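Q: Build out the structure end to end from the sequences listed, making use of the hints.
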Amino acid sequence: MFVASNGGLTAGRVDADGALFPYVTQDRLFESVEHTGPKTLLRVRRNGHAALWEPFSERGRGVYRVERTLAKSVLGHAVVFEEVNLDLGLTFAYEWRGSDAYGFVRTAWLTETASAPCVVDVVDGLQNLLPSGVTAAMQGGMSNLVDAYKRSELEPRSGLGIFALSSILTDLAEPSESLRATTVFALELAGGRRLLSSRQLDAFRHGATPREEADVRGRRGAFLVHAEVALEPGATRRWRIVADVAQDHARVVALVNALAGDVAALEARVEDDLLRSAEALEALVASADGVQWTGDQASADHHLASVLFNVMRGGLFVDDHRVRRDDLRAFVRTRDRAAHAGHGAFFAALPETASYPEVVERAAASAAPDLERLCRSYLPLAFSRRHGDPSRPWNRFTINVRDDAGRLRLDYQGNWRDIFQNWEALAYAFPGFVNGMLTVFLGATTADGYNPYRVTRDGIEWEVPEPGHAWANIGYWSDHQVIYLQKLLETSQRFDPAALEALLERRIFSHANVPYRIASYASMLADPYDTIHFDVDLHRRIDAAVASEGTDARLLRDADGAVVHVSMAEKLLLLLLVKLANLVPEGGIWMNTQRPEWNDANNALVGKGLSIVTTAYLYRSVAFLQTMLAGRDVSVSREVAAFLDDVDGALRAHTDALDGSFDDRRRRACMDDLGAAGSAYRERLYEHGLSGERSDVPGTTLAGFLERAQAYLEHTLRANRRDDALYHAYNVLSLEEDRAGVRHLSEMLEGQVAILSSGLLTAEESLALLDSLRHGRLYRADQHSYVLYPDRDLPGFLSKNRVPDERVAASPLLTACSSAATGASWSATSRATCASTARSATPRTSDVRWPISRARSRGASSSRPTARRSPAPSRRSSTTTRSRGAPARSSPTRGSAASTGTWSRSCCSRCRRPTSAPARRASRASASRRSRPRTSTCAPGSGSTRPPTSSAPYRSTPTRTPRPTPARSSRA
Amino acid sequence: MTGQVKEDVLARLGELGVEVRAGRLGFAPELLPRSEFLPESAAPLVWTLAGRETLALDPDTLAFTVCQVPVVYRLAGGGDAARVAAVLRDGSVRAFEGAFLDLATSHEVFGRTGAVARIEVDVPVEVLVDVAGAARSASTTTAERAS
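Going line by line, the protein sequences match chains A and B.
Numbering-wise (our numbering), the first sequence opens with residue 1 and increments by one.
Numbering-wise (our numbering), the second sequence opens with residue 973 and increments by one.
Since the hints were made in silico from the structure, they are not lab data.
Heads up, none of these hints are tricks.
Quick look at which bits of chain B chain A covers, simulated, 3 or more residues with Cβ under 8 angstroms:
#1 975 to 982
#2 993 to 1001
#3 1015 to 1025
#4 1035 to 1045
#5 1077 to 1086
No experiment lies behind these values; they were computed from the predicted model shown.
Backbone N, C-alpha and C define an ideal beta-carbon position, used for all residues, glycine too.
A: Here's what the structure looks like:
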């Protein structure tokens, strides 16, 4: 469920194709409130007077003095809308909650508050219900046609509303029956008449008594109950409307029987299931250490929400460190059929349930690297879901967390970055799995040093170009690759240093075989925007192999077709080498893989951007490697040893420049040497693969190399200190003949976070940075927090596309044109305006779109998001978001959606777009420049292309909990 | 920096002073304000490795879990570091000199074996962060800069 603060919502099961209400973008959800979702009309009769009241509606705004309240449970499983009518002396409220068994339960309360009895004609229910079988694409492009196929029926015995398509929408000349229905029923509103459409609402507003509707065709479905409710002074009347999707005939008949039989028993079962659903959710959060009991309720609540969101995406381990043999076996079979068949004895010897450490120990003892790698990479995670929501429509979510038996499915999937960031936090609750996480991480990096786009239980997935699809682009994002790995390594070392050390030289780690071919250094210089060739042939071969051999066909193989296994030490060195090969001294790591690291807000930096952020994280990583590898001779693949030699040679050749600074020529020379080293390694790799031959790198060589690397990194970082003690985050590279120039951009929070994390700064330097940050443009006083970029005044339309005078003067043609056009316009403006459009693919840096803020904004007076503790909240005891005063100001503003329905936790690259109102405006304004990366992700073998996704609550957690206290934002 | 959610989870561990070092679990709540301790007693129902149980909390305590093992902080007078003890499932108590559990006990906690029923930590009030004092010094800095 995704619900806006004005009540507009969408909801459903699994994905947008299983929607109860149309799945549309957030702006349209706000606008849908009058015709979609809950609708309540109350005709109040008291003392001979009659009055009409439509709570939460924009109709009749200003007629009554009303107060509206929005509350959400801390657990995020219930949201309550309340409207108090001060003139009529009535309060109407409704709550949305999710029930595993019954679907979406809306509980409504009507309370008399004027101490005078009244009789209320109630029409209450849900509008614009979707029948089963309407996909998101149909909702988006064919909604009018779909309406013609809608058939809404009332089962007479039970009063159950059944909403189905009269037939499946198809252009094929064949019969196609629709055998799934959406069902809706009312509880505790006995004797009411049911309406299956909205067409009698106007008549009711004008005083008519509606007639029951039993069969409605070709119209949008609704389920509205008309009943007369008599209220004594102070009395409350409660009722429920329960809706579910994708019901087959067996389930529909079961509901009919339950409703026609002992309704009280059904009511009790619904109530019971609501409690059980909440309790199960709380137990999950508790198992990941999400529940705390302290004197600071807001902190405890905030922590619970953080842990909940963390496990919703990354998943969590539902059975401590235990492993079910059969599931492990199924996992191995999916990954590698040959390994599954070849290690039958291993599985036969396992007990039905074993501890993960025990399984890993046994697999290690088997001396079969493939078995050990597979067992280590087996992470029995559940509860994970792909996210995406109506505010981020380029992600397609999937929430499919339970199997047919109602058990949590052991599965995970997510964008590479998301998965590993969530796992880092999860590791503190389940430290036994941290080396498994490391194994998955390292197995998901390629032999040329990058990582594919998505990670799932079944393996890796990469983006696939789709000719003609402007948003399908490929590339390596590369952000956080270094730091997330580093954090996992440090976590592992903290919990069990010996275990990590024992893993260091075990050759059980694989390479992902992503069919991307990175251009040679020379071509990269020629066109830094087009650097990745998609090897269609390799992609197809892998695809075919996945189908016959298992998903490990996506791993790099040797000449004999066996998975190449290398050590963790080799993987770590390789990653460092690849980054160093892209080092531009004093500029940062060159982002030349067609994707900006970190964020599509960096889109304009692709090809020319230099990352100080990654340089800072590399510094932390090298310091770690220096201690981990100290004094060790390390055996690596021959090709990697040669790569190391080349990179180290390039570093040696320019160490003298570290004493002073690099001028543009020297920088270019060093960059060329490093780039050539990387290019040579890739060329060998793409041509011949890894030979399997080993070379020993002596400890002294390694120590010397790491020391030199660290000196370059430190030099580069120091050169990026600004006068105000902050550090640059990203720079711009300009290449001209034999020179490499570096230009700085404005300050960004990301750079400060990275440099603070690097370990380079002393306490005094860190303090100076923090002080400067607090008094600089990144600080936002109204939220006592920081923004990602300074709020800058971007040039208006008419100040763009201009040619400066001196450039006009330098061009004989333009000068001639200009004097020919002696008229007023050219000379008067003193600047030429170019008629043609500039290269849109490579916008000037001044066109880089910097979002203003990622902090959320709140509605005018709804300044406090709701925080509530109990999973079964009492409506009365809650802290609420309340807007008081004149009716004209009583409804939530647009902006307040950010604090309820749509608040962004910035959980992945695609979610980084800020949701504050000014930022939304800013990003709308820049829409024409946006190239949002809605690329398809393809799982080879699945035969389908799907857009990338991320996770957001759709079913049991109606909204996200906003941060309780703005003051804590500064922790970010 | 992406991932405010996970950073908040990790930062919360930091606020509570949870430390893991060389395989040992310890507690150094030096960033914890006094106000985080409960003003009155409480008896929450807690999900532990053994199932649902009631945790009796006195005033001036607080509780959270590490690997689903309840950790109870108790305000204590005197001393300059926390003192930790592990209450085992069989009722016996392992008390330690300083703020860290030993390797074996830490291993039981990290392994989620259920052998450790509860961890109790005496926190000297002196180690807690002085929020009022910190606020005072912060405002001084601001005032200095303004002038």
